[in-house]
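These protein sequence lines map, in sequence, to chains A and B.
What the first sequence shows, in the UniProt record's numbering, is residues 1 to 141, in sequence order.
What the second sequence shows, in the UniProt record's numbering, is residues 1 to 306, in sequence order.
Don't take every hint at face value.
Calculated cross-link-like contacts (lysine-lysine; reagent style DSBU-like; alpha-carbon spacing at most 30 Å) [to be verified]:
| id | chain 1 | residue 1 | chain 2 | residue 2 |
| --- | --- | --- | --- | --- |
| 1 | A | K118 | A | K108 |
| 2 | A | K46 | B | K9 |
| 3 | A | K89 | A | K3 |
| 4 | A | K70 | A | K13 |
| 5 | B | K173 | B | K255 |
| 6 | A | K47 | B | K9 |
Hint data in this document are derived by calculation from the structure and do not stem from the laboratory.
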Amino acid sequence: MFKFIIRYFGFLKFVPGLALVFDAFLVLWTLMTNPALLDHMDALEKKVLSWPNTTSTIHKYGGLQLNYGKKELGHIHGNGLLDMLLNRKLKAYVMGNDSKIKDHHSFKDSGWISFYIKDECDKQVALNLFNLAYQWHVNKG
Amino acid sequence: MLQKVFSVKNNGFIVSNAVALIIIGGTKYLFQRFYDVPGVLVFSEFVIIPMLMGIVSIWYWRNIVTTKRQLTLWALANTFIACVLSAVFLKEGIICLIIVSPLLFAFILIGQVVGKAMFNRNNQTLNTSVFVMLFGIFIYDSLSVHHYENMVADTITVNAPPAEVWKYVVAYKRIEKKSDYWLFRIGMSSPVQSTAEGYYLGAKRKCIFSNGYVFDEKIVTYDENKDLTFDITNQPRDPEIMGHIDILRGQFLLKDNGNGTTTLTGNSWYRLYVFPVWYYDIWAESVTRNVHLRVMEHIKELAEAK
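Turn these sequences into a full structure, and let the hints guide you.
Structural data, given as structure tokens:
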């Protein structure tokens, strides 16, 4: 359903506020179908925000965005979809290590990756990804 | 007792809804008082005010709401309370509230998330700027001219010649069949019958709905077997319609396909008084389309039975 909407109605994200509304419904859907996922997202946010120089904001197309300084580490949509921008080398590395980590749902030919957080194990994978992105940004300076 | 009622949790619900009611009620009153019109329900009332409700509520809950799960559940509860209060104080209809509730929920939740971020940072300059900006948008939007009209067209093929179809286009007997459209099934009124004082230009026509409400119409184009156009001269004072939408004109066009069948097109023109259009026009188009199809399917059934 999410993929269908993104594929055929993705252009509507440029209507101001519409993506935020869509994400609010994703959160509602998650509350009804997999409420524990919301707790995993809270735990991830809390953990990442415990690292120095990190902040959380609302992603421009809806969802929770976690940042290092002014750089985005990644964002999590209301359905638990984590999107993260890495370089090509890191992308190849993480995708080689875990088959559940995929090309970004819209920007396939880029450094973006997508990963669905569904349970406790996925939360740990997501945390490792955030850690990797964090270290990458720290080393870049 | 009072301490229990006005607990921190309840204050989040009470104050946010009170603020919303005062702003919406006040705007309505001012429009009525100075412009003698009920006013347009501008996008701010469905976007800025719910966001404000979310921010106000989270100010009370900033130390007690810690999880997304709780935040979402309380946003749902606040949406429900806002709908009940709108029904009681603003006399909104149930179907309207069903339509508006997803939008309210989404922006209350967004407001809560924005509020949480604001109060976590505890930057007074930023917080004041957000409130001033929201207030500014509300004032600007309320005073701006809002005008939106649209036309919806639907077409079906009737297996009967135009002369046969025409008999039922001007007036038709009661529709007994139940509708499949979910809004009609949960109580929204649907067209059941049309009567006309005659088959001529200028004749008065009535479109009767399932709840007994009647749209008064006047035939403005009478081109037999081809074109029936009618203006709506009086709308029922239904809370689901009043101040939300005006149906302006309706039209049936018949095209002879030359093989004993007719292409029947139903057109309706309406004006919306609720904004944002990107949300409400989806609903208006859907309802209008289903009104068309209900009538046109009935006409088809009657014409083909002969």
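30 Å limit on alpha-carbon distance, applied to hinted pair B/K173 and B/K255: Cα-Cα ~23 Å, so holds.
Measure nothing beyond the straight line between the CA atoms of A/K89 and A/K3; if it is 30 Å or shorter, mark the hint as holding. Since the Cα atoms of A/K89 and A/K3 sit roughly 26 Å apart, the hinted pair holds (cutoff 30 Å).
Are the Cα atoms of A/K70 and A/K13 separated by 30 Å or less? Judged against 30 Å, a Cα distance of about 23 Å means the pair holds.
Verify the proposed pairing of A/K46 with B/K9, using a straight-line Cα cut of 30 Å. holds, 23 Å
Next pair to validate is A/K118 with A/K108; report whether the Cα-Cα distance is within 30 Å. Status holds; Cα separation ~22 Å.
Restraint check for A/K47 with B/K9, where alpha carbons must lie at most 30 Å apart: Roughly 27 Å between the alpha carbons, so the hint for A/K47 and B/K9 holds.
Going through the hint list in order, the structure satisfies each hint without exception.
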